[in-house]
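Engineer: One letter stands for each residue in the lines below.
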Amino acid sequence: MAAQSPRSSSVSHLSSSGPGLFGRVWTICAKDATQELRRRIAIVAVFFFSATALALVSFAIGPFGLPEEERPALQAALLWIILFFAAATGLPRAFVQEEETGTALALRKTLPATIVVAGKALFNLLLFLAMAAITIPGFVILLDWKVGSPVAIAATVLAGGYGLAVVSTFLSALVARAGQRSVLFVLIAFPLIVPLLLAAIAATLEATRGGFPWNPVRVMIAYDGAATGAAYMLAGAAWEE
Amino acid sequence: MPIISLEAEDLDKSFSGPPVFSGIGFRVEQGLTAVTGRNGSGKTTLLKILAGLLRPSAGRVRILRGGIPLTNSERRLAVGWSSPDLAFYGELTAEENLLFFRRSAGRDASGEEIRGRLSSVGLGEDAAGRRVEEFSSGMAQRLRIAFALLFDPPLLLLDEPMAGLDLEGREMVHRTVAQARRRGAVVLASNDERDFAQPEQRIELGRR
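Residue numbers (our numbering), protein chains in the order written: chain R, 1 to 241; chain W, 1 to 208.
It cannot be assumed that every hint is accurate.
Unchecked claim - Derived list of chain R stretches under chain W, where covered just means 3 residues or more per stretch with a C-beta under 8 Å from a C-beta of chain W: (1) 22-31; (2) 43-57.
Claimed, not checked - Facing chain W, from chain R, some residues (calculated, C-beta under 7 Å): (3) Q35; (4) R38; (5) G236.
No lab work stands behind these hints, which were simulated from the structure alone.
Each residue gets a CB set at the ideal place from its N, CA and C atoms; glycine is no exception.
Next up, chain R with everything else stripped away, as it sits in the complex:
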């Protein structure tokens, strides 16, 4: 029995239909999720880091360690430190794993970099939101965090998580084939992510006090838009040969 080889010199694939752009992005996201759920290394590491950091912070400064008026600023900073470092244990793996296991060649052969970056960024965003959905209630309970405006917190986490996911995914593509990629990732990520984290902390502080943080949220949305545009334009140069 011969393998199904080219059936004719006509290019059958040019006329066949299939998933649209979002369907293709979702297929990559679903593949990454399936891999992670079966392997459970990155997911366990992310959630373990989050739980450990939360426990340590609550023991060290807990609800009774600080005067009430000093808590919001520290809590806002601590929340984003926990979210960022927990995410940082998983986010850079997006492309590094593909290079380390040799599957990057099959991806490059089949798909443009923009689709791959979009699919992996979507997975990273969902992973971040899942982690935040577990971490934030723990933060509320263990640190006696009073959330003035839950809607504002949700908007802040969404805008901050989106920016983190896009920038981390793009940087992961950029450093995936470099030596010392972990160090390189941190060195490049630091100046790029700090402005986003500062805006996220400012927004969280304002949301804690009950207002809607329009200005920092606008900054985050502008950052997200710029990050998306840059990732779209540079994805090919970053990941393809």
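Fit chain W to the known structure of chain R by using the hints.
Structural biologist: Okay, now just chain W, sitting in the frame of chain R:
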């Protein structure tokens, strides 16, 4: 239907040291092109350049349909490629791997169709449902051949396609190549002369 052709013009490739090869030029339209050469002569590198996975240091590769260059997205699907460097997702089954590549490329495929494709390279129902991390090297090689044929490409690039295969697997590859060269073009790189059956042209690397 217009025939797909590949044109390689004056290709050079070097990494950090001396050039792996230089001045390589040929045209492929239909039939079998054999790429030969000792280890390290650049066969794998040349096929990666033809597949669009590596940039040449100089020269260019054009894939044309009816004399018109294909776009990058058309080219990705019009060229099938297999190499020992090609790896798949170990946590996914063979069927899931091929379904993923079909769907993420924007092409529909049913599980039944994918199982049919796997069966045609000698991976039956049992193998189709097994995780790739459990595959032997021969099974992985069969999966690479199925991957190369996934979009029914008119141009097939096979790098050491017999590697790790048993007699039955080698016969499967011979039949696949025979069928593909009648309908399109096959570029096959190997060290073993037995892998080529009367090629239409031959490119020998490493003789400069």
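Engineer: Evaluate each hint against the coordinates.
Structural biologist: Structure-based check of each hint:
Under a criterion of three residues with beta carbons nearer than 8 Å to beta carbons of chain W, the stated coverage of the region 22-31 of chain R is upheld, 5 such residues being counted. Remark: the region 43-57 of chain R is not confirmed as covered by chain W, as 0 of its residues place a Cβ nearer than 8 Å to a Cβ of that chain, below the required three. A hinted interface residue such as Q35 of chain R counts as satisfied when its beta carbon comes closer than 7 Å to some beta carbon of chain W; here the least separation is about 5 Å, so the hint holds. Residue-level restraint check for R38 of chain R holds (minimum Cβ-Cβ distance to chain W is 4 Å; threshold 7 Å).
Because the closest C-beta pair between G236 of chain R and chain W is about 9 Å apart, greater than 7 Å, the hint is violated.
The structure is inconsistent with the numbered hints 2 and 5, although it conforms to all the rest.
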